[in-house]
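> Sequence:
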Amino acid sequence: MRVPRIFVMALMAMLALPAARAQQLANAPVQQLDLKRYLGEWHEIAHLPMFFQRQCVDTISAAYRSLPDGQVSVHNACRTRDGQMDASDGVARTTPVAGALKVRFAPSWLAWVPWVWADYWVLEVDPEYRWALVGSPSRNYLWVLSRDAHMQRSQFEALRHRAQLRGYPIERLVMSAPLD
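Following UniProt numbering, the numbering of the sequence shown begins with 1 at its first residue and continues without gaps.
Don't take every hint at face value.
[Stated by the list, open to error] Cut-off 25 angstroms, straight-line C-alpha distance, at most; resulting in silico cross-link-like pairs (SDA-like, lysine to any residue): (1) K36 / W117; (2) K36 / R104; (3) K36 / T80; (4) K36 / S108.
[To be verified] Across the chosen pairs, the derived CB separations fall in these ranges: (5) E157 / F52: 20 to 30 angstroms; (6) W109 / R162: 32 to 42 angstroms; (7) A111 / Q164: 33 to 43 angstroms; (8) P178 / R81: 12 to 22 angstroms; (9) Q164 / P107: 32 to 42 angstroms.
What the hints contain is simulated information worked out from the structure, not anything from laboratory work.
Cβ atoms here follow ideal geometry from the backbone N, Cα and C, with glycine treated the same way.
Could you build all of it, start to finish, from the sequences and the hints given here?
Structural data, given as structure tokens:
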């Protein structure tokens with residue numbers, strides 16, 4: 001008995017749906033984030049190329065501090081090609097989703113404009129808050145962060161692999177700190 005081609009195609013599509021849905025769900029922020037533990041100094045180990053970091057060559061860091069209004073101050077810094085330090089300041093706010101924050105580097109008078117707020121998803125965080133994998137739902141942004149200025153190669157490779165499983169283009173990762 002010959003099975004009609006349309007039936008085979010429909011069956012293949014139905015079988016692919018759970019895999020596609022699992023992939024979509026895999027790119028979600030952590031379900032629990034202790035923001036107080038997340039605050040503090042982080043060192044960037046690697047990132048996907050982005051316009052705002054084009055001048056950075058290394059010594060890239062982010063410092064998060066609690067603000068009286070419940071928001072979080074964000075201070076990003078890096079060393080540029082000419083050896084100078086460059087920095088930018090912004091603010092982050094929580095969202096109803098635990099590991100999903102919104103970050104703004106535009107002036108405060110533009111805070112009412114929705115598109116000045118960017119998605120900042122904590123995708124994974126170490127139980128001891130020693131490292132974090134941060135991205136965006138678009139998969140255009142990805143950072144590997146560590147409390148130390150370096151990371152064990154095996155830990156980095158594991159995070160890199162899990163980012164790939166989430167659909168991030170890891171072949172474009174730019175290293176910004178040494179691996180041990």
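> Now tell me if each hint is right for this structure.
Tested hints:
no., hint, in the structure
1, K36 / W117, "21 angstroms, holds"
2, K36 / R104, "19 angstroms, holds"
3, K36 / T80, "30 angstroms, violated"
4, K36 / S108, "23 angstroms, holds"
5, E157 / F52: 20 to 30 angstroms, "26 angstroms, holds"
6, W109 / R162: 32 to 42 angstroms, "39 angstroms, holds"
7, A111 / Q164: 33 to 43 angstroms, "35 angstroms, holds"
8, P178 / R81: 12 to 22 angstroms, "18 angstroms, holds"
9, Q164 / P107: 32 to 42 angstroms, "36 angstroms, holds"
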